[in-house]
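J.: Sequence:
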Amino acid sequence: MEVTPRRSRSRTLQQRAVHLDIGYVSQDQTMTPEVAMTARGTPSRFLQSVLQNGVGRYVCQLKRVSLIFSKNGQSSLGVREFIEDGVVEFAKKNPGIVVYVSPESCRIPKIVAEYLNGSVKKELVTNKTSQQIAELITKMANQSGLDIIRIRKPFHTNSPSIQGQWHPFTNRPPSTKPVGPQAK
1 MEVTPRRSRS RTLQQRAVHL DIGYVSQDQT MTPEVAMTAR GTPSRFLQSV
51 LQNGVGRYVC QLKRVSLIFS KNGQSSLGVR EFIEDGVVEF AKKNPGIVVY
101 VSPESCRIPK IVAEYLNGSV KKELVTNKTS QQIAELITKM ANQSGLDIIR
151 IRKPFHTNSP SIQGQWHPFT NRPPSTKPVG PQAK
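Under the working numbering, read the sequence shown as residues 1 to 184, first letter to last.
Because the hints were derived from the structure by calculation, they are not lab data. Treat the hints with care, as some may be off.
Claimed, not checked - The calculated DSSO-like cross-link candidates involving lysine-lysine, where the alpha carbons are at most 27 Å apart (straight line), are:
| hint | residue 1 | residue 2 |
| --- | --- | --- |
| 1 | Lys153 | Lys92 |
| 2 | Lys71 | Lys92 |
| 3 | Lys184 | Lys139 |
| 4 | Lys184 | Lys153 |
| 5 | Lys121 | Lys63 |
| 6 | Lys110 | Lys92 |
| 7 | Lys93 | Lys110 |
| 8 | Lys71 | Lys121 |
| 9 | Lys93 | Lys139 |
| 10 | Lys153 | Lys110 |
Whenever a hint applies, use it, and build me the whole structure from the sequences.
T.: Given below as structure tokens:
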């Protein structure tokens with residue numbers, strides 16, 4: 001009888017991560033998930049900032065916005081109005097973001113946002129008004145480019161305390177007893 005080797009659990013996690021497009025970090029030749037899968041099947045991670053952004057100076061994570069639209073298509077009317085009215089104002093407010101305007105013969109107008117971490121997000125703006133497009137681009141400028149996933153806990157530390165959590169009796173001698181109501 002031929003013995004088949006048992007497949008490791010990390011291989012299964014790696015296959016799931018590739019399917020869900022989740023990054024993996026290799027540590028000591030073992031594969032550990034950067035974003036773990038929960039029992040509910042949704043990816044989750046601890047709260048983190050992008051490259052400690054905001055600790056020193058703030059760096060906008062959006063580096064490039066491309067507005068792709070048709071010159072005469074009815075579905076691109078809102079994009080053309082935004083280009084006439086709001087794109088210069090947006091570019092003045094956000095000097096770190098490069099705005100490309102590409103009139104192409106396309107049926108569906110879209111906004112392509114490229115972030116510093118390499119992620120690219122596409123938003124279809126068919127039949128949207130100039131105001132809706134301005135709100136959408138502002139929302140993209142305020143995002144980090146990371147996927148929106150469930151946060152495990154609203155706090156996380158890389159160096160947990162070995163002393164334990166603080167409470168009101170931490171620094172009192174052990175002989176001190178809590179004082180209850182006193183009889184008169």
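J.: The structure should be examined with respect to each hint, and the outcome stated for every one.
T.: Right, here's what the structure says about each hint:
1. Lys153 - Lys92: violated (37 Å)
2. Lys71 - Lys92: Holds, at roughly 24 Å.
3. Lys184 - Lys139: violated (64 Å)
4. Lys184 - Lys153: With Cα atoms ~48 Å apart, Lys184 and Lys153 exceed 27 Å; violated.
5. Lys121 - Lys63: holds (12 Å)
6. Lys110 - Lys92: holds (22 Å)
7. Lys93 - Lys110: Holds: Lys93 and Lys110 sit about 22 Å apart, inside 27 Å.
8. Lys71 - Lys121: Cα-Cα ~23 Å, so holds.
9. Lys93 - Lys139: holds (14 Å)
10. Lys153 - Lys110: violated (35 Å)
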